[in-house]
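Enquirer: Top to bottom, those sequences are chains F and E.
Quick note on the working numbering: the first sequence kicks off at 1 and runs consecutively.
Quick note on the working numbering: the second sequence kicks off at 1001 and runs consecutively.
Treat the hints as calculated values from the structure; they're not laboratory data.
Careful, some of the hints might be misleading.
Stated by the list, open to error - Result set (SDA-like, lysine to any residue): computed pairs, CA atoms no more than 25 angstroms apart in a straight line:
no., chain 1, residue 1, chain 2, residue 2
1, E, K1220, F, S280
2, E, K1220, E, F1283
3, E, K1220, F, V327
4, F, K223, E, V1329
5, E, K1220, F, Y54
6, F, K335, E, G1139
7, E, K1220, E, F1133
8, F, K223, E, L1041
9, F, K335, E, V1137
10, E, K1340, F, V327
Said to hold, decoys possible - Cβ-Cβ distance ranges computed for the label pairs, FRET-style:
no., chain 1, residue 1, chain 2, residue 2, range
11, E, W1336, F, L324, 39 to 47 angstroms
12, E, V1322, F, D215, 24 to 32 angstroms
13, F, G260, E, V1322, 15 to 23 angstroms
14, E, L1334, F, D213, 22 to 30 angstroms
15, F, V189, E, L1031, 53 to 61 angstroms
Each residue gets a CB set at the ideal place from its N, CA and C atoms; glycine is no exception.
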Amino acid sequence: MSIGATGGTTRSPIARTLGTVFGARETGIAIALVVIIIAATLRNPSFLFSADGYRDLLLTPSILLLVAVGQAIVIITRNVDLSVGSVLGLTAYLTGRLFIDFPGIPPALVFVAGIAFGAVLGLINGALVAFARVPALVITLGTLYIYRGINVAWAGGDRINASDMPAEFRGLGTAQLASIPVLTVIALVVLVVAAWYMRNARGGREFYAIGSDPDAAQLYGLKVTRRILVAFVVCGALAGLAGVLYAARYGTVSSQAGTGWELQAIGAAVIGGVAISGGSGTVWGAAIGAFLLLTINRALPILGIQDFWQRAVVGALILGAIVLDRVLSLRQSRKLIAQRDETHV
Amino acid sequence: MSDTILRENSAVRRAPDSYRAHGRPAWQRVLFTRESAIIGLLVVVILVALATVRNFDSPLTVTYLLLDVAPILLIALPMTLIIVSEEIDLSVASTVGLSSVIVGILTQAGLPFEATALVALFVGVIAGALNGFLITVVGLPSLAVTIGTLALFRGIAVGLLGTTAITDFPEFWTDLAQSRIPGTPVPSIVIPIVVLAVAFAILLHFTSFGRGIYAIGLNKEAAAFSGVHVDRTKFLLFVSSGLVSAFAGIFFTLRFGNARGDNAIGLELSIIAAVLLGGVSIFGGRGAIHGVIAGVLLIGTLGSALRLANVTSDVINVITGVLLVLSVVSTSVLRWVRSKRLGSAGKSRKEVPASSG
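In isolation and in its complexed conformation, chain E is listed as follows (with noise of 0.2 angstroms):
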């Protein structure tokens, strides 16, 4: 019943045309967008090494390329929707560090490994739970407390560890994080990526908590206002962000079979550079799960290319920068050069809101 009048109402206050146009014709909304410049970015990087490399079209360089981008992709899907609210979550790689000193530990003590597993994982919620009440309930800042929390975190991992390394795990597990869906050169971890990358997207774009995230990005107050439980979501999502960066531990460990406190050290800053190098904008309220899958594949693609063409680690370490840069510094440019090809149009546009055209 009420949906009819929901649609009655649409239809009643249907807006102007020249809202609903947004100035631009659809195909260039979606063809000119920073996910569709990266994914096109991504696409072209793909076709000139397979032109041009050799050995880059080979399964193993398939394999070992998802493989070594299998963690930052985990863990970029959470940092997104955290991004998106405008908050960050810099303690990632120590909760990857924690959770696979975690698994090493108990696996040495002599527990099943699904049961170690399932602690590390536990240790993971505790972990974006801490980061979350501290940044919801206490009202601090996110980007202090992941700050300390990255130190507090990962000064436990190496304080339960020390320097020693454990390495002894189940060859069954061992194997299973390096196997290949049979007959694909694609690695098994895929598999669980796609599931949480197809969730993660749901959840933001396709419901009404992914409204939420992005009404907190652009106006906590109002969003709050409207309805969206602000500090419920963000809770929610420093709680994600543990979980799926405890599993990725666990797939870290199990992937180079040892456990060290300092696994994994320093990877929060790759995992955000990808995030938003993916279109993600650091003020919140913007940004594509498709987006940041693509920005990671392109980091990672370009790397394993570079690598195969000889290119030393440090030179790909500059092209990392220089494209994080440049996409976000691309955008205020245009914003530039399109204010000044505008000029006296532009302005006009401006107070005359409601014309049509």
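Pulled out of the complex, with its shape left as it was, chain F reads as follows (with noise of 0.2 angstroms):
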């Protein structure tokens, strides 16, 4: 994480600062998005300086990324949660079941259902995964499909249209608070508040012991099974505050909403550096990523290049990013043997 800091005891706070900043794995993905911002920018002003533009670039990935962030956090305990695009679609299609259903709900009560509702389903996962003591990927794809089920036999054919909501929570999918979506702002306190407890809490910490080695951390004396619940937990409950958000946003919900949604938001914790065995990356990082994965999109029949490509320059990046990521941890190890062998002579 502080590639930077290692040999610096004796730098300026400020060089230390900039090593950090520069030599965080977060910050070759950073530089990628905005390298990309700037170019379909240069080739169309429009893409980021029309009202429109500026805000889909905020908008489009704020749903994202609330949902890679719950699953980095899962990630970094060494799990996986395949289940999130199902918790999603189910949580979407709740938020617009409780509008028709009970006219004249408030809408923050229908947050409050939505984000318990996704965590019931995330502690379903977490405590088959924790106390059978059963790997996640197996558990999770299997409430994947118990999950999707449940919501296409209870939606049937029907779906949720805009018309079914009312306009002040459907206001909230294009609410600017100072010229910021709304959603975007809901999604950045998500994350700084994650990346906050993930970094200084103790939780957080125990977070990473335990993804780094799971058998040391119980030994240690780590509550692992308290702690892998609460993983799973907040990973559900943020896909379901995402599944309130998408009802917003979109208005429109089937029972498909979020088919596919565990590859892409793995695939942005993975592109922004949070490795599949556990203990390392940061929620940025899978910030970073989510943005990456859906600015390409925009972005790419800007650059002349046809949108069918698009998850092909993703794959191609996922791979770049973790190849990038090995070769950095190589040279890094390979630096500190170096250093330990040169204070050992």
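Take each chain as given, in its own frame, and dock them per the hints.
Expert: Right, here's the structure in full:
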């Protein structure tokens, strides 16, 4: 995380900060994002400088950002949650259903219901993983099918339409706060809180400890079961929040909402430098990854590439990011070994 | 010569009876496995469906059931070996789509079908080799690599063809893909599936290469020290996965008579679900081909029977998910129950490991 700080006990604070920023794994991917935005804007200034372009740039990735942050926390504990797409779809449908079945329900209550419902679905995942001691990949693959099946059975052929939801709720999808879309503000607040917790709080550090070495964490006396449970509940709650925002943003919710989002969320985390083997990476990285993933989609046509190629570019990007990560960490470990050999001569 | 020495040695070093007995009689060891449980469940589902579901016993049901599960059955074979070696391949369905698009584009360009099929298979090998290279040479985790190539291969397929579909294929081949073995309701595709299944079963269960795969899944370092070529083995497994996926892609294209960039999208999750249901451990080192075949057929049969009984696909999804969760949770519940039942007896047995009985 702080490659630059390893050799620099005597450097000034500014140099150290700069070293940390430029040595961080997230920096490379952030630069890629900025380059794409600049290139697309040079080609077509309205990509950034029109009201629509600016709004889309911030708005579209905000929902994926929430899911990716939750996914990153779970991956850091050396687990994975494949069910997030189904959780998002289910809560998005619940959102619409609440407005239809309880006319006049305050939107705040719908938010609470969506987040709580997502948390319960996450709790089921977490309980199965943590108590039965079975691999998260299998459990959440199972709940991916179960949650989606429940969603389809519940919704049938129905879909939620924009007219089913009150205007003030749908307004959230486009509303702005000091010229920043409200959805983006919500996503950023969640991101900052999650990042602070993961970096500074005891609980956050324990997530990393569990992911680096579950057995050692257990022996050391960390409450591994409870921590994993918490990670899944947070991931589910964030997917639930994303589901509510999905309904607000898109207005139309079919039973297939959120299909395939699990791979997008994992992809965002992996691009952002969260190691799939647990114990390293930050939620910042996952958030930048989510932004990059969806910004490319809009930038490609402007850069003269058919948007059919978006997936291929995303794939190449994921591979590039993990290869780069590997190369950097190999170089880092060689440097550390060299340092150790020098001091022990 | 060395053979006799080995045999003498093994006679001398015969393990104590307490170890050879594995604590349970042989019939229990055969009967009480995950594989047997899944096969038993499959038999029960078939019997119940025969007795209660109308038209389930018709030849047409058998034909469509087998045609439907054929791609899953094919790709599940190399997937089994890969998961036993503690890796995973999420890119298989994208390889299916890519080979489908290759076949479509080249057929449209006027190449004879045999040639396009060969090119598609070659592309499958390249796709598998890329996965294998990144995993073994660069040393990256397969979950991350194959999420990347899942997007990459699918992206190339969709990029090449856009949203168009190519539907013009030689009738001879499309007919062949849907044909049946004369005199039976069994589709011809079952012949290559059986051949491949036997080949993969022999490879996994009766060769040193196969023992190596289990060894890698149980402990990579120990396997390497005992002479298993870990990287070479994994590389070959991913190449075989790419090749079989491309073959499944050609079948998929011919069966439905169209090549599209989004063919077989999401199929990877069904394949992995079937493999895990068949008793393969996601942690590697455990699993068998016959269990996986039973797992694939169980999901397929259940789906087919329920559809005939007018149960909707969402309920089938839920049942698939519940089966998957139960199959992994049940083992830990059983372990917990056994440890409770043994109680102090279990403990004392641990303390005196060599005691006979």
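Enquirer: Determine for every hint whether it applies to the structure shown.
Expert: Structure-based check of all given hints:
Of the supplied pair hints, the one linking K1220(E) and S280(F) holds, its CA atoms being roughly 22 angstroms apart against a limit of 25 angstroms. Between K1220(E) and F1283(E), the direct Cα distance comes to roughly 12 angstroms. Compliance with the 25 angstroms bound is thereby established for this hinted pair. For a cut-off of 25 angstroms, the pair hint linking K1220(E) to V327(F) stands: about 22 angstroms separates their Cα positions. Restraint check: the Cα-Cα separation between K223(F) and V1329(E) comes to about 21 angstroms, which is no more than 25 angstroms; the hinted pair holds.
With a C-alpha separation of about 50 angstroms, the suggested pairing of K1220(E) with Y54(F) is violated against the 25 angstroms cut-off. At roughly 19 angstroms between alpha-carbon atoms, K335(F) and G1139(E) fall within 25 angstroms of each other, so this suggested pair holds. Annotation: proposed proximity of K1220(E) to F1133(E) holds, straight-line Cα distance about 18 angstroms (limit 25 angstroms). Between K223(F) and L1041(E) the alpha-carbon distance is near 38 angstroms, which puts this suggested pair outside the 25 angstroms criterion.
Distance hint between K335(F) and V1137(E) is fulfilled; the C-alpha atoms sit about 21 angstroms from each other, no more than 25 angstroms. Note on K1340(E) and V327(F): the hinted pairing is violated, with a Cα-Cα distance of about 49 angstroms set against a maximum of 25 angstroms. As the Cβ distance of W1336(E) to L324(F) is approximately 44 angstroms, the hint placing it in 39 to 47 angstroms holds. For the pair V1322(E) and D215(F), the beta carbons lie near 31 angstroms from each other, so the given range of 24 to 32 angstroms is met.
Checked against the hint of 15 to 23 angstroms, the pair G260(F) and V1322(E) passes, with Cβ atoms roughly 22 angstroms apart. The hinted window of 22 to 30 angstroms between L1334(E) and D213(F) holds, with their beta carbons roughly 28 angstroms apart. Roughly 57 angstroms separates the CB atoms of V189(F) and L1031(E), a value that falls within the hinted 53 to 61 angstroms.
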